[in-house]
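Please work from the sequences and hints to get the whole structure.
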Amino acid sequence: MSEAVVAQRSPFGVEVEEGKEYWWCACGRSQEQPFCDGSHKGTGLSPVQYAAGESDTVWFCGCKHTNDIPVCDGSHKNV
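Going by the working numbering, the first residue of the sequence shown is number 25, and it counts up by one from there.
All clues stand as given, with none of them false.
For each label pair, taking beta carbons as the anchor points, the in silico distance ranges come out as:
no.	residue 1	residue 2	range
1	Glu45	Asp92	15 to 25 angstroms
2	Glu41	Gly66	26 to 36 angstroms
3	Val29	Val95	16 to 26 angstroms
4	Gly77	Asp97	10 to 20 angstroms
5	Glu42	Gly66	31 to 41 angstroms
6	Asn102	Gly43	30 to 40 angstroms
7	Ser79	Ser26	29 to 39 angstroms
8	Ser79	Glu27	25 to 35 angstroms
9	Gln32	Thr67	14 to 24 angstroms
Please keep in mind that the hints were generated in silico from the structure rather than gathered at the bench.
Ideal placement from N, C-alpha and C gives every residue a C-beta, glycine not left out.
This is the structure in structure tokens:
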């Protein structure tokens, strides 16, 4: 299994829509950050589904080290 790479050392603020599903990139290799574009293939890592319960701004983790997957928990401060 490969290690995730840091996409950026800050979160991605995304306006999500209630009822819509989003697939967060867990590997850090996607060119469509913070979302999956299939770049994880062969890494042993998989994207994580996020189902928006309401329309709002969600801060998705960019460093891929969060303990609150897939949202930022401030872990990027220690990366």
